[in-house]
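S.K.: Sequence:
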Amino acid sequence: MILCLGAVAALFIALSAGALSPFDIEFPIPELGNCADKGACKAYCDDEENAEACQTFAEYHGFSSKSEVNERVRKIEEDGGPGGCARDEKNPVRACKRYCDDTAHIEECVGYAKREGLMEGEELEEAEKVVAALRRGVKLPPQCKNAESCRAVCEDPSDLAVARACFEFGKEAGLLPDDISVEQAEKAFAALESGTGPFTSFAEMRQCDDPPNDEVFEKCIAFALEAGFLPSEEAEMVRKTGGKGPGGCRGRDACEAYCENPANQEACFRFAEEHDLLSEDDREMMREGVEQMQEAFEDAPPEVEACIREAVPELDAILSGEKFPRPAIGEAIQTCFEDFFRSEAGGFGGEFGEDEFSEPPAFGGGRDGDDFGEPPGRASGACARRRVC
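For what it's worth, my numbering labels the leading residue of the sequence shown as -3, then goes sequentially.
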């Protein structure tokens, strides 16, 4: 769960040319304190002590021309900037950034940045959401005194109260990411605040993003049950799968997308079989397919039998009922019969009509695998439907 206030933390970074740089180059960047990603580079350049290094880097890589920067500085010096932050200052950009980092000056600075074209697009849109929320009387988290402190407390909340404050402001201001469910977040907060669940702090709960061991994983399941995220009948399935689906996918959408890819259908089918996710209807259809395979295999020519055994190493286990046939087996068997009948027809040199050998017997699911149950994408999609991955 990401409970952050990115717009608050970056309200007036536009006054610092270095922070505007997109940093679309290889990381880490030695010139910028070896920052390892965009977030780290942004944090580095938010520190006014690094303004000169960031500006030099931006100019060198063409992210911000010296003339553009000089024009911004000239404008700020000319009109004094918001609140007169640039007047009589040796470094007007740094002084105005410091002034606008103060949350008390948010509305004034956003208005100035918009008017002078220093903020635009998504950055301006989010900043204006913050201003609108403040006008409505929505309170910033108590710990937010400036952009840096807002970023620090809301990107990594120290406790439940801080997380709740950041979440509430983000919700009221319309800044929550699209993938955040307000309903589920409220349930999580309620469970944590009750103090009766397996987690007593926000930091502990965040381990559920990637449980480090089985003990924490069990706590996460217990918490999900307590908060109402997970129906009790599905908890055992989650335990069976370890919370992950085929290919390591997590979540319904990700697992359905993974299993709809034809290249992954075999892996998805195996996953569904191994974790007992196939429905009884699926299994019954597969059993019927196995019976048809057994009957047809008894009458198969030796050449076809050899071909099938080579294509399906687990054939004996399937015929004995120890294993279910995987979806691709029907096509493999059909191919063996087709190749045999084609070779037989050619071997007679056309003595018999084409119709004599043109239609190999269809069994075991044929081309579309109907006798083996659902297509693999749907069958293994059970893990997604049952929310076990």
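Please note that the accuracy of each hint is not assured.
Derived pair list, reagent style DSBU-like, types lysine-lysine, alpha-carbon separation capped at 35 Å [to be verified]:
1. K236 with K141
2. K183 with K141
3. K183 with K110
4. K125 with K110
5. K135 with K167
6. K215 with K167
7. K86 with K236
8. K215 with K236
9. K215 with K240
10. K110 with K71
11. K110 with K215
Hints in this document: simulated from the structure, not taken from any laboratory.
In this text the structure is predicted, and so the values were computed from the model without any measurement.
S.K.: So, for every hint listed, does it hold in this structure?
M.R.: How the hints compare with the structure:
| no. | hint | in the structure |
| --- | --- | --- |
| 1 | K236 with K141 | 47 Å, violated |
| 2 | K183 with K141 | 29 Å, holds |
| 3 | K183 with K110 | 38 Å, violated |
| 4 | K125 with K110 | 13 Å, holds |
| 5 | K135 with K167 | 12 Å, holds |
| 6 | K215 with K167 | 28 Å, holds |
| 7 | K86 with K236 | 64 Å, violated |
| 8 | K215 with K236 | 15 Å, holds |
| 9 | K215 with K240 | 16 Å, holds |
| 10 | K110 with K71 | 14 Å, holds |
| 11 | K110 with K215 | 48 Å, violated |
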